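Chemist: Chains Z and H, in that order, give the protein sequences.
With this note's numbering applied, the first sequence covers 3 to 222.
With this note's numbering applied, the second sequence covers 40 to 777.
Bear in mind the hints are in silico, worked out from the structure with no lab data behind them.
Computed from a predicted structure; not experimentally measured.
Yeah, the Cβ is synthetic: ideal placement off N, Cα and C, and Gly gets one too.
Mixed in with the good hints there might be a few duds.
Quick list of simulated restraints, FRET-style, between CB atoms [to be verified]:
hint: 1; chain 1: Z; residue 1: Q40; chain 2: H; residue 2: K294; range: 53 to 59 Å
hint: 2; chain 1: H; residue 1: I737; chain 2: Z; residue 2: N176; range: 25 to 31 Å
hint: 3; chain 1: H; residue 1: R422; chain 2: Z; residue 2: G179; range: 54 to 60 Å
hint: 4; chain 1: Z; residue 1: D212; chain 2: H; residue 2: P539; range: 44 to 50 Å
hint: 5; chain 1: Z; residue 1: R110; chain 2: H; residue 2: D746; range: 37 to 43 Å
hint: 6; chain 1: Z; residue 1: L114; chain 2: H; residue 2: Q595; range: 37 to 43 Å
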Amino acid sequence: MSGSKRIGILRFLGTNCDRDVWQAIEAVGLAPEWLWYQDRFEVSRFAALILPGGFSYGDYLRCGALAAKAPVMASVREAASRGVPVLGICNGFQILCDSGLLPGALVRNEGLRFIDQWVELNLVNSCPAFAPQAVAKTPSRLPIAHGEGRFYVEAEGLKELQDQGQIWWTYADNPNGSMANIAGVMNREKNVAGLMPHPERAIFDWMGGDDGRSFFTSLV
Amino acid sequence: MELAAKLKHYRLNQAEYEKIKEVLGREPRGVEWALFSALWSEHCSYKSSKIHLKKFFNKTERVLESFGENAGVIDLGEGERVAFKMESHNHPSYIEPYQGAATGVGGILRDIFTMGARPLALANFLCFGESRAPRMSQLVDGVVRGIAGYGNCVGVPTVTGQTEFHSSYNGNILVNAFALGLFRPHMKIVNSRARGPGNWVVYVGAKTGRDGVHGASMASESFDANSEAKKPTVQIGDPFYEKLLIESCLEVMEKDLVVAIQDMGAAGLTSSSFEMASKGGVGLTLHLDKVPVRDQTISPEEILLSESQERMLLICEPAKFPALKAVFDHWNLDASVVGEVKASKTVELFWRGEMLCALDPDVLVERAPLYQRRYSPWEARHRESKPDKLLPVVEDANEALLQVLRDLRGTSRDWVYQQYDQRVGGATARDAADSVAVMRLPDSGRALGLVLGCRPYVMRWDSRQGGMDAVAYPALELAAKGFEPLALTDCLNFGNPEKPELMTEFVAAVEGMSQTCAAMRIPVISGNVSFYNETLDQNVTSTPTTGLVGLRPNLQAIPASHFTEKLDGIFLLRLPQVQLSGQLAELKPGAPMVGQGEIHAHAVAGLVRLLIQLARQPYVHSTRLVGKFGLAYALARMCLPLGIGARTAAGDWFAEVREPARSLFCEHLYEVLLAVDRNQETALRELIKSLAVDGLKIFKLGETGGDRIVAGRALDIPVSEAKRAYQTGWEAHFEGLE
Chain Z
3 MSGSKRIGIL RFLGTNCDRD VWQAIEAVGL APEWLWYQDR FEVSRFAALI LPGGFSYGDY
63 LRCGALAAKA PVMASVREAA SRGVPVLGIC NGFQILCDSG LLPGALVRNE GLRFIDQWVE
123 LNLVNSCPAF APQAVAKTPS RLPIAHGEGR FYVEAEGLKE LQDQGQIWWT YADNPNGSMA
183 NIAGVMNREK NVAGLMPHPE RAIFDWMGGD DGRSFFTSLV
Chain H
40 MELAAKLKHY RLNQAEYEKI KEVLGREPRG VEWALFSALW SEHCSYKSSK IHLKKFFNKT
100 ERVLESFGEN AGVIDLGEGE RVAFKMESHN HPSYIEPYQG AATGVGGILR DIFTMGARPL
160 ALANFLCFGE SRAPRMSQLV DGVVRGIAGY GNCVGVPTVT GQTEFHSSYN GNILVNAFAL
220 GLFRPHMKIV NSRARGPGNW VVYVGAKTGR DGVHGASMAS ESFDANSEAK KPTVQIGDPF
280 YEKLLIESCL EVMEKDLVVA IQDMGAAGLT SSSFEMASKG GVGLTLHLDK VPVRDQTISP
340 EEILLSESQE RMLLICEPAK FPALKAVFDH WNLDASVVGE VKASKTVELF WRGEMLCALD
400 PDVLVERAPL YQRRYSPWEA RHRESKPDKL LPVVEDANEA LLQVLRDLRG TSRDWVYQQY
460 DQRVGGATAR DAADSVAVMR LPDSGRALGL VLGCRPYVMR WDSRQGGMDA VAYPALELAA
520 KGFEPLALTD CLNFGNPEKP ELMTEFVAAV EGMSQTCAAM RIPVISGNVS FYNETLDQNV
580 TSTPTTGLVG LRPNLQAIPA SHFTEKLDGI FLLRLPQVQL SGQLAELKPG APMVGQGEIH
640 AHAVAGLVRL LIQLARQPYV HSTRLVGKFG LAYALARMCL PLGIGARTAA GDWFAEVREP
700 ARSLFCEHLY EVLLAVDRNQ ETALRELIKS LAVDGLKIFK LGETGGDRIV AGRALDIPVS
760 EAKRAYQTGW EAHFEGLE
């Protein structure tokens, strides 16, 4: 894949959707590269960064909390501040929240059980880097698989998200008790985005749907 | 300790004690007692079952590994191979459901990646008691949470399974975990044979604690009123640690840094070290004081017997140790040298420089007692020849259908499967909502089908026929999706083998399975036996669970298990062999299910071949085996997912059956429902004719469409009503579980 854009995929101890994201990135013709949690990296080499899902550090202490303190996150912060697109999926979203790159937090699902199912999502504000308006399909059908995916933010935080157009996707039928049905949010600059559903699990028809493809094709 | 007390403590009997003296040529001493207790336990030695397991059909040209190693391996061609196995964790799960089930998942995964395969999929066969039985909702909740907690975190999708309910499991639930791993073309199969004198024995993974001490021998006896006191023998699992072990072990194997590797499962360090030495025909020295421990007061005997989870033992050339250690460091894991391979065939255990014992490993591994337990030839039971008695009592078919859709045995399992991550890994093409789970093979793009088998109610009817059905039914399920069944693993859950009537059931089931496997050329490549599934003299239903793997050349147009199109023709294929009054009859108290006929494995093999061809035709849109609760239930299940009804009023089936309302609920082994493009009926009939299956009947039932489930004048209900019954049944039984 020489010549295609390089996408950094972060791996923490316990990340487990890393290969899935790798497969999705390759499928759309981009060049994936691993980034190890202990190592800093040269920010300018990457067209985008993805923090995949999983159970970093076994979700001990609090999901995403330990990963947010890993050395590699210093480089992620630098990338984010320079406008490099950064996408956190599931546990990756939790890590971005815990590290302060995204607002809010993800807490235990209402009902306190892990939920695996396909959900329907509505695009609220588009993200220029991942599934921009031109390619995003709304509603989109994607799988969720999480125990702690209920988005929470304080009242004024929510108002700010609404006012600044930072709410990215919402659930058509709220599965986990998320505040304002939120499934994904962005930072104010809209280059850092987090999403609980898994677009990398909806890349090919045989997976049960390919609505997730648009989240990556826009990077090509 | 006097002898009687010692034998009781180590769960050995007088005859076994005599045999120990015979193989040693002297009295056992010190830690030897603990070693014999563990390795001669039923759980480790298979002493009651081995004679019968040898009869299994276990060789085809695809079999690369069968029973010699931690898991069986088959060749899929094109460089792809899979390892798979199933194992029970019944006793620990009853005592402590969350940890018992979680560590069952962890243990079966280690059996897979120990071979060098990357885990691709998990599945579970669960048998619970009645929902109102003491602790049952807590057991259901704990087991499902345990499986979810471990499997989801370790990042291996749980894609299929079976969940059964019956009063015989009230005091002894069954938790069988299945795992499958993939070797991609560049990956090597690694074995557990220690070799190369001077090579190092390396301990990797979690530190050793007191958890699970005597676990193997605990699993080899029946429950009594004091089962609660056995809690300390249940292990505690840590899936995060296991994830690190998977990645690091696969990396050292891929880099060719290990000579041999084995996980520490039942009987922990004892079984792994002695088995590795015995298989390799070498000796080992092992310094128990170098084993990383959680607690400095732990005794050498406890170190030997601990079943602490997430630990591996491996053999490494000293020159490669630095590279090996670097990999484990990278993954934040410790690797400690605890011993060395010796040319002389003796395992020597040391504690702070002092030798505790020196034993020929074969004495423990190969010379365990073998029992020919008493049993009788199988006699067919619960037979009935009167046609009227072979039909369940049904007054109103609509009511009966709603009843079985709401019944715990027939209702939706979404509550269970929604707690499992079914898609992590990016290879799941069909999940647990389908009758066969489908994984995509990444290099060839082919499809791998997985399905679990065994219908306990058929076992309650007749152990021999039930054993045959445990192979035939899942093989037909694979075939109905176009998969060629390739191989099988099993987990034989039975009661007390010292009771002749139980052993008779065991032998009958094993013979039935074996005969069916041979006729279908499906080799048994791995497995596990769990005896003593009884509590206070009440035995569980004999439950020989199976896991089958099949292959299909592509992922395109795999038939759905539900109706996908309106106006498709609905056909029923019947291979008349056995008729059962069925599971509906069993729901009536005091009336055992009856049946007549027997399964002919060669005829079923013919039906398997036919279905494989049918299911690869693009005009066959949907397929489903008619199983529990008969035709009405199967039709309903095909209507529910997309709300497409069935109009089966005018079909020729109605001309043939007596009492349609009752016939809709009896069960024939075997029947398959098909939904076929209505313009392709001729093609369908010609294909069926060309692959002549002796005795096969084909009925046209009607067509799909509308929003009602209609069968003649006997059955007519809205799909939406059936769906509501199916979706609310679970919570009606387990109100406490949201």
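Chemist: May I ask which of the numbered hints given earlier this structure violates, with the numbers listed in increasing order?
Modeler: 1, 2 and 4
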